[in-house]
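There are 2 protein chains.
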Amino acid sequence: MGGDAVNIGMIEASARRLDGHARVTPLLSSPFVDEIAGRRVLVKAEALQHTGSFKYRGAWSAISALSDNALKTGVIAYSSGNHAQGIALAAKQHGIPAVIVMPADAPEVKIANTRTLGAEVVLYDRPGGEDRRVVGGRIARERGLTLVNPYDDSQVIAGQGSVGLEIAEQAADEGVSEGDVLVCCGGGGLSSGVALALEARAPGLRVRPVEPEMQDDVRQSLVAGRIVAHGKPEVGLCDAILTPAPGQITFPILHRLCGPGLAVSDAEVKTAMRIAFERLKLVLEPGGAVAFAAALFRPDQVGGDAVIAIATGGNVDMKAFARILAEG
Amino acid sequence: MGGDAVNIGMIEASARRLDGHARVTPLLSSPFVDEIAGRRVLVKAEALQHTGSFKYRGAWSAISALSDNALKTGVIAYSSGNHAQGIALAAKQHGIPAVIVMPADAPEVKIANTRTLGAEVVLYDRPGGEDRRVVGGRIARERGLTLVNPYDDSQVIAGQGSVGLEIAEQAADEGVSEGDVLVCCGGGGLSSGVALALEARAPGLRVRPVEPEMQDDVRQSLVAGRIVAHGKPEVGLCDAILTPAPGQITFPILHRLCGPGLAVSDAEVKTAMRIAFERLKLVLEPGGAVAFAAALFRPDQVGGDAVIAIATGGNVDMKAFARILAEG
Chain P
2 MGGDAVNIGM IEASARRLDG HARVTPLLSS PFVDEIAGRR VLVKAEALQH TGSFKYRGAW
62 SAISALSDNA LKTGVIAYSS GNHAQGIALA AKQHGIPAVI VMPADAPEVK IANTRTLGAE
122 VVLYDRPGGE DRRVVGGRIA RERGLTLVNP YDDSQVIAGQ GSVGLEIAEQ AADEGVSEGD
182 VLVCCGGGGL SSGVALALEA RAPGLRVRPV EPEMQDDVRQ SLVAGRIVAH GKPEVGLCDA
242 ILTPAPGQIT FPILHRLCGP GLAVSDAEVK TAMRIAFERL KLVLEPGGAV AFAAALFRPD
302 QVGGDAVIAI ATGGNVDMKA FARILAEG
Chain B
2 MGGDAVNIGM IEASARRLDG HARVTPLLSS PFVDEIAGRR VLVKAEALQH TGSFKYRGAW
62 SAISALSDNA LKTGVIAYSS GNHAQGIALA AKQHGIPAVI VMPADAPEVK IANTRTLGAE
122 VVLYDRPGGE DRRVVGGRIA RERGLTLVNP YDDSQVIAGQ GSVGLEIAEQ AADEGVSEGD
182 VLVCCGGGGL SSGVALALEA RAPGLRVRPV EPEMQDDVRQ SLVAGRIVAH GKPEVGLCDA
242 ILTPAPGQIT FPILHRLCGP GLAVSDAEVK TAMRIAFERL KLVLEPGGAV AFAAALFRPD
302 QVGGDAVIAI ATGGNVDMKA FARILAEG
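Keeping their order, the protein sequence lines are chains P and B.
Note that the numbering used here has the first sequence beginning at 2, numbered continuously upward.
Note that the numbering used here has the second sequence beginning at 2, numbered continuously upward.
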């Protein structure tokens with residue numbers, strides 16, 4: 002897949018391909034949430050997207066942009082889970098083969114879901130030092146598969162940008178034209194796509210990437226003005242977004258368009274998950290709750306009468322979620 | 002509030018008053034759910050409605066239909082919780098006083114939420130034999146408040162009917178014009194309102210009320226052709242829908258328009274809650290999950306290539322939900 006410069010035209014073309022396939026997710030709110038945050042909070046509920054995360058959008062966008070020849074041989078992806086499920090379902094719906102390279106210690110629900118969605122899962126040993134990029138690249142070459150990068154791919158970014166087009170429209174319906182849009186950020190695919198869409202369609206709304214405190218490579222990169230890797234192992238509560246550094250394609254977009262990054266603690270993420278459960282009736286995975294946590298607990302660091310938080314995913318093990326609820 | 006015959010004109014007038022206030026809730030689906038059910042299942046996610054249940058619609062509809070004089074003195078409602086929250090928020094948004102009569106043993110979250118939404122809560126002692134209707138009636142007379150019945154009220158039924166208008170439109174978008182619409186049923190306000198809306202706007206869709214097995218008064222009433230009370234105490238897992246009998250206004254509508262009632266066990270309800278969590282990322286309370294349970298576990302009793310289940314509410318205590326997840 003390519004690195005053509007992403008622009009609003011590509012995002013709108015992608016949104017047209019997604020029409021009738023991706024779900025237009027609602028913008029949720031609650032007076033109880035507003036009271037905690039001290040301002041109006043709107044939550045873009047991408048956990049309700051097909052496969053339980055926004056990743057389905059980028060996956061569909063990338064696959065639907067493939068040449069006929071590439072469609073015939075199929076796709077491969079490496080992913081901590083949500084991108085994998087998105088690729089698996091979008092490939093199945095296109096009737097093409099998909100191979101997914103996943104760490105052997107990924108949450109069980111994500112591995113099982115990916116297999117049930119019809120993809121072939123190849124597990125690699127993360128603690129043993131194997132690199133998913135190397136494993137994925139080798140299989141791609143051997144079988145002639147097209148590798149779909151989880152974030153550093155123009156068509157993936159364009160697909161995630163469709164979230165931004167929806168936010169522009171839904172925020173206008175709610176009378177919100179200025180404010181911060183908080184985005185859970187791993188490699189920056191969603192943040193960069195949404196930032197480009199908002200630049201064109203709602204210039205008063207500004208993306209603020211949000212990460213876990215100890216893995217805030219995007220925040221640090223934005224401060225430094227160049228890509229900085231956090232250097233930590235890619236494990237932790239917020240498994241879906243623990244990429245080591247922003248992407249080569251995504252970072253220049255983030256640097257040009259985003260406000261300063263934010264970071265939240267694991268305890269704040271768990272509290273945000275409980276509040277989403279109680280007040281929005283929405284299941285969020287830890288990595289999908291960091292932006293909502295920042296909306297709730299960083300009132301002095303975000304601007305505007307209203308903030309929008311993208312709740313990016315809800316793929317969390319049942320027992321893990323039960324434990325987090327019971328702690329509250 | 003009155004007992005004027007409810008018709009499609011009243012439902013459409015109510016929907017216009019609700020426009021911009023009630024949330025248009027999404028119709029969710031999952032290939033995993035379809036596989037369990039053995040057919041296509043669409044879930045109308047009313048747990049995402051303001052206050053966490055469809056009851057907000059009926060409450061807003063009834064309050065917005067009051068005379069200026071009645072608005073000045075305010076409203077009173079008796080409710081196991083969801084109607085109470087709907088009335089409290091709608092009254093607050095109209096700037097009028099609301100008194101809510103609730104059983105002292107109602108889930109804590111519902112009592113606390115109702116108070117936070119600005120209503121005055123009067124508790125009565127259910128096990129001690131007090132009748133909420135008597136308590137509510139006395140206070141209404143003393144203070145000149147308008148009593149809003151939770152289901153046996155034309156404007157409440159008309160408000161709930163707006164769910165049916167949305168289903169008619171959303172089902173058509175999904176290419177579904179024939180099939181059963183499974184509705185969690187207490188006193189029958191939602192079932193009757195949706196049935197009237199579908200009769201006019203999607204005559205191929207037929208309401209099937211769903212209840213807990215041991216409290217299936219609506220199912221029995223439909224069989225008998227007259228109102229039959231279940232005679233059990235109004236306590237149990239599915240607290241939101243444990244009314245003793247269908248209403249005087251709702252039953253004739255149910256009898257004319259609905260297919261046979263269905264009933265599900267508590268174990269099936271809990272499994273349905275876990276599946277909604279895992280596959281739809283949606284928090285459902287037990288009483289809000291009975292229709293989804295019937296969609297999953299009564300394949301031989303429902304008809305059509307697709308069924309629609311209304312997931313009516315998500316107001317469940319965090320620790321109770323955690324226990325149900327942990328049992329799975």
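The hints are simulated quantities; they were obtained by calculation from the structure and are not laboratory data.
Worth double-checking, as some hints may not be accurate.
It does not matter which identical chain is used: a pair holds within one copy or between any two.
Said to hold, decoys possible - In silico lysine to any residue, SDA-like type, Cα no more than 25 Å apart, as pairs:
| id | residue 1 | residue 2 |
| --- | --- | --- |
| 1 | LYS320 | VAL229 |
| 2 | LYS320 | PRO108 |
| 3 | LYS93 | ILE37 |
| 4 | LYS271 | GLN171 |
| 5 | LYS320 | HIS95 |
| 6 | LYS320 | ILE37 |
| 7 | LYS271 | ILE97 |
| 8 | LYS271 | HIS231 |
| 9 | LYS271 | ASP318 |
| 10 | LYS271 | LEU28 |
| 11 | LYS93 | SER30 |
| 12 | LYS93 | GLY176 |
| 13 | LYS320 | ASP301 |
| 14 | LYS271 | GLY329 |
| 15 | LYS271 | PRO261 |
| 16 | LYS271 | THR117 |
| 17 | LYS73 | VAL123 |
| 18 | LYS320 | VAL110 |
| 19 | LYS320 | ALA173 |
| 20 | LYS93 | ASN8 |
| 21 | LYS271 | GLU200 |
| 22 | LYS271 | ILE9 |
| 23 | LYS271 | THR147 |
| 24 | LYS73 | ARG17 |
| 25 | LYS93 | GLY39 |
| 26 | LYS233 | ILE112 |
| 27 | LYS320 | GLU36 |
| 28 | LYS271 | GLU131 |
| 29 | LYS93 | ARG40 |
| 30 | LYS320 | ASP267 |
Mind listing which of the numbered hints don't hold for this structure, in increasing order? 1, 4, 5, 7, 13, 19, 20, 21, 22, 23 and 28
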